[in-house]
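Given only the sequences and the hints, what does the whole structure look like? Please build it.
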Amino acid sequence: MIRPFNGLLICLVGLLMLLSGCTRTVSPRVITPSFYYWRTTLPLTIADRELTDSLNVGRLYMRFFDIDWDPAAHDARPLAPLTPAESGPESLEVVPTVFITNRTFSEVSGTAVDRLADRILVKVFAMAPTVTSAPIAEVQMDCDWTESTRENYFRLLAALKRLRPSLRVTATIRLHQWAYQKQTGIPPVDGGVLMFYNMGNLEHPTGPGSILDVDIGSQYLEQASDYPLHLDVALPLFRWGVVLREGKVVHLVHDLNNADISPDRMEETSRPATFRVRKSHYLQGVYVYRNDIVRVEEPTLAQLMESARLLSKSFQTSDLRVVFYHLDPSLRERYTNEDLRGILACFR
Amino acid sequence: MKIFAVFLLVFVSTAALVRTLPTLSRICSGGDYEPSRPAFLFDAELTSEPGWRPFYFTWNHLYDYEWTELPDRHDDLINEWSSYFGTRVTREELRKVIFDASPEDVERIRSFVRSPGDPATDPLLLNPFVRSLRDRPDDDFLTYLTFAKRCEPSATFSDYWDEDGRIEKHGDTMRALIIGGLSLYGSTTSPFFKLRYGYQVIRLAHYLGEYQRCVNLYATCVAPLNSTSPIAYWALEQKAGALRSLGQVAEAAHDFSVVFDRTESRKYPSYLSFRIESDSAWEAVIRLCANSHEKSVLHFLRGINNYNNALEEMENIYALEPSSGMLNTLLVREINRHEDRIYQMDRPYYADFSPSDEEGTAASLERLRTFLNRCVSEKKVKNIHLWRLADAYVESLLGNSDASIQKLSALRPVATDTLSLRSIDLILTAIDVERASTLTAGNEDKLFKRVLDGQHDKLLRFTINRFAKTLAAQGDSVKAWLCNNNISTMMGQMDLAQTDRVLSWLDHRKKTSFDEYLVDSRLANPWYITDYSRGGWDASGDAREKLLELKGTILASQHRFRDAIVVFEQRQGRPLDPLRANPFSARINCGSTHPGAAVTLRRHALPQTAEFRNRLHHFP
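Sequences listed follow chains A and B, in order. Every number in the numbering used here is 10 more than the matching position in the first sequence, counting from 1. Every number in the numbering used here is 18 more than the matching position in the second sequence, counting from 1.
Hints in this document: simulated from the structure, not taken from any laboratory. Treat the hints loosely; a few may be bogus.
Non-contacting residues of chain A with respect to chain B, defined by C-beta distances greater than 10 Å in every case (computed) [claimed, not checked]: (1) 68; (2) 120; (3) 143; (4) 200; (5) 230; (6) 233; (7) 242; (8) 264; (9) 274; (10) 288; (11) 306; (12) 328; (13) 336.
Which chain A residues face chain B? A few, computed with CB under 8 Å, are given here [claimed, not checked]: (14) 88; (15) 129; (16) 133; (17) 255; (18) 256; (19) 257; (20) 260; (21) 290; (22) 291; (23) 292; (24) 295; (25) 297; (26) 301.
Derived Cβ-Cβ restraints for the label pairs, each shown as a range [claimed, not checked]: (27) A:349 with B:234: 51 to 59 Å; (28) B:201 with A:262: 45 to 53 Å; (29) A:232 with B:305: 53 to 61 Å; (30) B:396 with A:288: 26 to 34 Å; (31) B:343 with A:343: 47 to 55 Å; (32) A:147 with B:230: 40 to 48 Å; (33) A:158 with B:234: 45 to 53 Å; (34) B:120 with A:122: 24 to 32 Å.
All C-beta atoms, glycine included, are put in the ideal place defined by N, C-alpha and C.
In structure tokens form, the structure reads like this:
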């Protein structure tokens with residue numbers, strides 16, 4: 011039974027929370043901002059520095075290399091390694107992050123997985139001193155694993171931990187892995203980062219976009235039960251162009267924006283941020299053909315703040331790391347420091 | 019208290035059984051059909067260009083297994099050495115020396131050749147090729163082989179996980195080998211060996227990361243030889259890689275396109291290496307082309323990229339080089355793409371099932387028809403019969419079956435090769451299947467026999483899909499259902515009413531060839547329960563026996579034991595034998611896959627099975 015005074019208090023608190031927008035007035039949690047660094051070269055630019063300094067970012071999740079299955083070599087191999095700066099390593103704390111394709115785990119199994127874990131650690135720790143002067147305390151693995159590959163992937167994660175017990179091993183968790191945890195399993199790691207993006211329908215011609223669809227995101231959040239791992243969250247600050255040919259997605263053009271659209275080669279359609287190719291040409295490295303449709307997608311500030319509010323409700327931990335994907339040269343053109351602080355405030 | 023405990027035990031056991039059965043009934047739901055490669059009515063082999071196999075249409079990747087069938091560098095080398103030594107040496111004898119011999123072996127061969135009196139004792143020296151070297155010494159060859167073997171450890175060093183390892187471990191040796199190789203290049207007068215030394219030093223410079231030196235070495239050592247040997251293109255490929263590292267994107271792409279065009283063994287790797295990302299770079303590569311053929315190759319390389327618009331590139335190639343064989347490869351790719359989109363059958367799990375822009379794809383097919391009409395009438399293309407066949411087939415894909423039949427009939431008398439004639443028959447049969455708006459016992463039987471005679475998996479599946487739609491529209495729901503389902507599906511569903519419907523259909527079928535096909539492939543011997551049948555399923559191949567067993571099992575799972583036994587008794591021979599072992603699990607779960615579940619069932623189903631077992635004692 012709720013006593014009248016308590017009921018009034020609850021109403022007042024609720025009213026205050028509503029009025030205060032994104033700021034929680036009750037027990038504000040500690041929010042630690044970070045960025046993913048997904049470029050292939052270092053050093054950080056001056057603009058990167060200004061942004062990380064202004065947000066007090068002390069840690070970067072840096073993609074060190076990718077791993078994919080090489081059918082010709084019949085082996086998993088590292089690809090696109092991060093090239094260190096000639097000027098020397100960065101001073102920021104770095105979490106080496108390794109993206110590994112799901113198909114790798116369709117091919118590599120058993121003791122080969124253990125060998126792969128060993129190779130990953132050797133390469134990561136060989137690269138680390140050229141990237142950062144800070145010690146490496148954590149490694150993060152990024153894989154869109156599925157039910158059929160989880161056994162091998164989880165074996166890899168366990169092997170990483172076994173080989174370096176003092177190392178914190180974390181993993182990215184995609185929304186479907188989070189929501190369908192019974193099917194996809196819980197990775198044997200020390201923690202994870204929930205990737206709150208890439209959730210919409212790429213092929214939907216009029217949808218809110220494939221990067222961030224708050225309705226779909228909230229549906230995931232509603233159906234997900236407790237996850238037995240400490241999770242931080244990642245929010246998208248990237249943009250891309252979706253190229254559709256005869257209704258099928260054929261390319262994603264990274265970091266495409268409206269300014270890249272040449273009016274003499276592409277024409278606007280009746281749909282927002284959607285263009286039809288009038289003349290075949292190369293668009294940011296991708297060859298687009300006449301009649302292709304290009305849709306430019308970028309999460310809006312409002313979508314990001316709404317997502318932060320939703321996540322804040324679902325993640326009731328006292329401290330939470332919010333990792334923005336990713337530290338991009340064009341970021342400063344699109345979001346001010348205040349925008350990003352505003353997003354972070356929605357978590358408090 | 020004791021009575022209560024027994025009651026509790028029975029209650030819990032029964033509850034457990036009731037909970038367990040539905041779970042088990044879902045276990046045997048069959049597997050997904052996953053074809054290993056696309057099969058189309060318009061066969062890619064019609065191009066008669068096996069060298070392009072890696073670039074035939076596929077859903078989302080190139081054919082790795084096809085690639086392994088193509089010639090590799092070893093084949094190129096053996097061909098070259100065979101030409102050099104002539105008929106006195108077999109390819110196998112050459113392989114043993116050139117590929118298998120170690121540097122120490124080569125030294126032993128040299129000593130052996132220099133000492134005519136020494137007897138040959140070990141297998142290496144007994145090799146007739148080695149013995150022939152003693153009779154006809156070839157210093158150039160042995161000197162080169164020694165050098166090549168010294169290059170091998172650094173040149174073939176391959177550790178993707180330690181990319182700097184090559185230079186760290188072999189850098190000094192590699193630099194010394196370049197100097198040594200250049201000296202040997204200068205001392206030999208043979209262009210054959212100059213080319214090989216040139217290739218070795220170019221490769222070493224590239225691997226050392228000395229890109230400009232690599233480019234310069236190509237210009238001084240290989241380019242002046244004007245060789246068309248594959249080794250010259252291997253060297254060009256190394257130079258192309260170095261150029262790209264130097265940022266000379268257009269020059270690199272041009273060189274890769276030349277390697278792609280003129281070699282078999284480096285076709286696929288150079289395709290992967292060819293990269294253009296801007297209009298200005300594309301225009302620069304075009305400017306580097308010496309002739310229309312080289313420009314056509316560039317369009318081909320762009321056209322065979324996954325998802326690219328082959329038709330636009332075909333139009334470009336046709337304008338440049340209408341008799342190009344590359345057009346044929348792009349043609350079959352494009353037709354297979356439309357075939358895949360229209361029929362949407364047999365795609366593997368990773369293929370894209372997304373809805374297409376029907377308007378856009380129809381317009382694209384219309385555009386292809388216009389292009390085909392033009393090519394057929396102008397007769398400039400290579401293999402005009404292929405283009406006429408394509409023209410006829412596209413008419414059928416567009417729904418113009420009369421026009422298609424007319425064109426195919428006109429082509430048949432002049433088509434000479436077996437594959438074209440077979441394709442004509444397949445397409446004509448497919449058109450007749452498509453046009454059969456109703457199925458009677460007579461026309462169904464006739465059509466299906468033709469399909470079976472065609473022995474073409476895709477045509478068979480196409481026909482079954484078409485028949486399923488027509489039968490459903492005619493109200494023949496059980497037969498339509500069987501077109502796309504089978505007894506494995508029924509085992510998963512455990513649907514008594516549907517099992518009864520199928521049994522009834524089985525007893526009253528018309529026994530057309532299609533009926534018999536369905537009985538055999540869907541009920542008696544569905545291939546994907548072949549393994550399972552070894553684990554206990556009645557492998558007699560009798561559909562009725564299997565259906566009765568399934569029906570009895572469903573009834574037993576519903577605790578209708580008397581009804582189940584009545585059904586089991588309708589089976590032939592010793593109908594109740596399987597039930598004596600385990601009345602539920604042997605039928606319902608997948609053999610030994612879930613032994614735990616079977617044990618659980620046995621324990622919990624005890625009270626219910628008692629009656630069942632008593633009844634069984636009355637039977638032999």
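Going down the list of hints, with the structure as the test:
Non-interface call for residue 68 (chain A) relative to chain B: holds, since the shortest CB-CB distance, roughly 30 Å, exceeds 10 Å. Annotated as non-interface, residue 120 (chain A) keeps its C-beta farther than 10 Å from every C-beta of chain B; the closest such distance is 19 Å. With a minimum CB-CB distance of about 20 Å to chain B, residue 143 (chain A) clears the 10 Å threshold, and the non-interface call stands. No beta-carbon of chain B comes within 10 Å of the beta-carbon of residue 200 (chain A); the shortest separation is about 25 Å.
Distance check on residue 230 (chain A): its Cβ is at least 21 Å (rounded) from any Cβ of chain B, clearing the 10 Å threshold; non-interface status holds. No Cβ of chain B comes within 10 Å of the Cβ of residue 233 (chain A); the nearest lies about 22 Å off, and the non-interface call holds. Consistency note on residue 242 (chain A): stated as away from chain B, and its beta-carbon is indeed over 10 Å from all of that chain's, at 29 Å minimum. With 10 Å as the threshold on Cβ separation, the claim that residue 264 (chain A) sits away from chain B holds: the shortest Cβ distance comes to roughly 12 Å.
Here residue 274 (chain A) stays apart from chain B, with its beta-carbon at least about 12 Å from theirs, past the 10 Å limit. Once the 10 Å rule is applied to beta carbons, residue 288 (chain A) is consistent with being away from chain B; the minimum gap is 14 Å. For residue 306 (chain A), the condition that its CB be more than 10 Å from all CB atoms of chain B holds, with the nearest at approximately 19 Å. Chain B leaves residue 328 (chain A) outside its interface by the beta-carbon criterion, the shortest separation being 41 Å against a cut-off of 10 Å.
Interface exclusion of residue 336 (chain A) from chain B stands, the closest Cβ pair being 21 Å apart, more than 10 Å. Taking 8 Å as the C-beta contact cut-off toward chain B, the hint placing residue 88 (chain A) at the interface holds, the least distance being around 6 Å. Taking 8 Å as the C-beta cut-off, the interface hint given for residue 129 (chain A) holds, the closest approach to chain B being about 5 Å. Restraint check, residue 133 (chain A) versus chain B: the minimum CB separation of about 6 Å is within 8 Å; hint holds.
For residue 255 (chain A), the interface hint holds, since its Cβ comes within 8 Å of a Cβ in chain B; the closest pair sits about 6 Å apart. The criterion of a C-beta within 8 Å of any C-beta in chain B is met by residue 256 (chain A), whose closest approach is roughly 4 Å, and the hint holds. Among the interface hints, the one on residue 257 (chain A) holds; its C-beta lies about 3 Å from the nearest C-beta in chain B, closer than the 8 Å criterion. Annotation: residue 260 (chain A) was flagged as interfacial toward chain B, and the flag holds, the nearest CB pair being 4 Å apart, inside 8 Å.
With a cut of 8 Å, the hint placing residue 290 (chain A) at the interface with chain B holds, because the nearest CB-to-CB distance is about 6 Å. Residue-level restraint check for residue 291 (chain A) holds (minimum Cβ-Cβ distance to chain B is 6 Å; threshold 8 Å). Annotation: interface hint on residue 292 (chain A) holds; nearest CB of chain B at approximately 5 Å, less than 8 Å. Taking 8 Å as the C-beta contact cut-off toward chain B, the hint placing residue 295 (chain A) at the interface holds, the least distance being around 4 Å.
At about 6 Å, the closest approach between the beta carbon of residue 297 (chain A) and any beta carbon in chain B falls short of 8 Å, and the interface hint on this residue holds. A distance limit of 8 Å between C-beta atoms decides the matter here; for residue 301 (chain A) the minimum to chain B is near 6 Å, and the interface restraint holds. Separated by about 52 Å at the C-beta atoms, residue 349 (chain A) and residue 234 (chain B) satisfy the suggested range of 51 to 59 Å. The hinted range of 45 to 53 Å is satisfied by residue 201 (chain B) and residue 262 (chain A), whose Cβ atoms lie roughly 52 Å apart.
Taking the beta carbon of each, residue 232 (chain A) and residue 305 (chain B) are about 59 Å apart, inside 53 to 61 Å as hinted. Taking 26 to 34 Å as the suggested C-beta distance range, the pair residue 396 (chain B) and residue 288 (chain A) conforms, at roughly 28 Å. Hint check: residue 343 (chain B) to residue 343 (chain A), Cβ distance near 49 Å, so the stated range 47 to 55 Å holds. Between residue 147 (chain A) and residue 230 (chain B) the Cβ separation comes to about 42 Å, which falls inside the hinted range of 40 to 48 Å.
Range check, residue 158 (chain A) to residue 234 (chain B): about 51 Å between beta-carbon atoms, so the 45 to 53 Å window is met. Between residue 120 (chain B) and residue 122 (chain A) the CB atoms are about 28 Å apart, so this pair conforms to the stated range of 24 to 32 Å.
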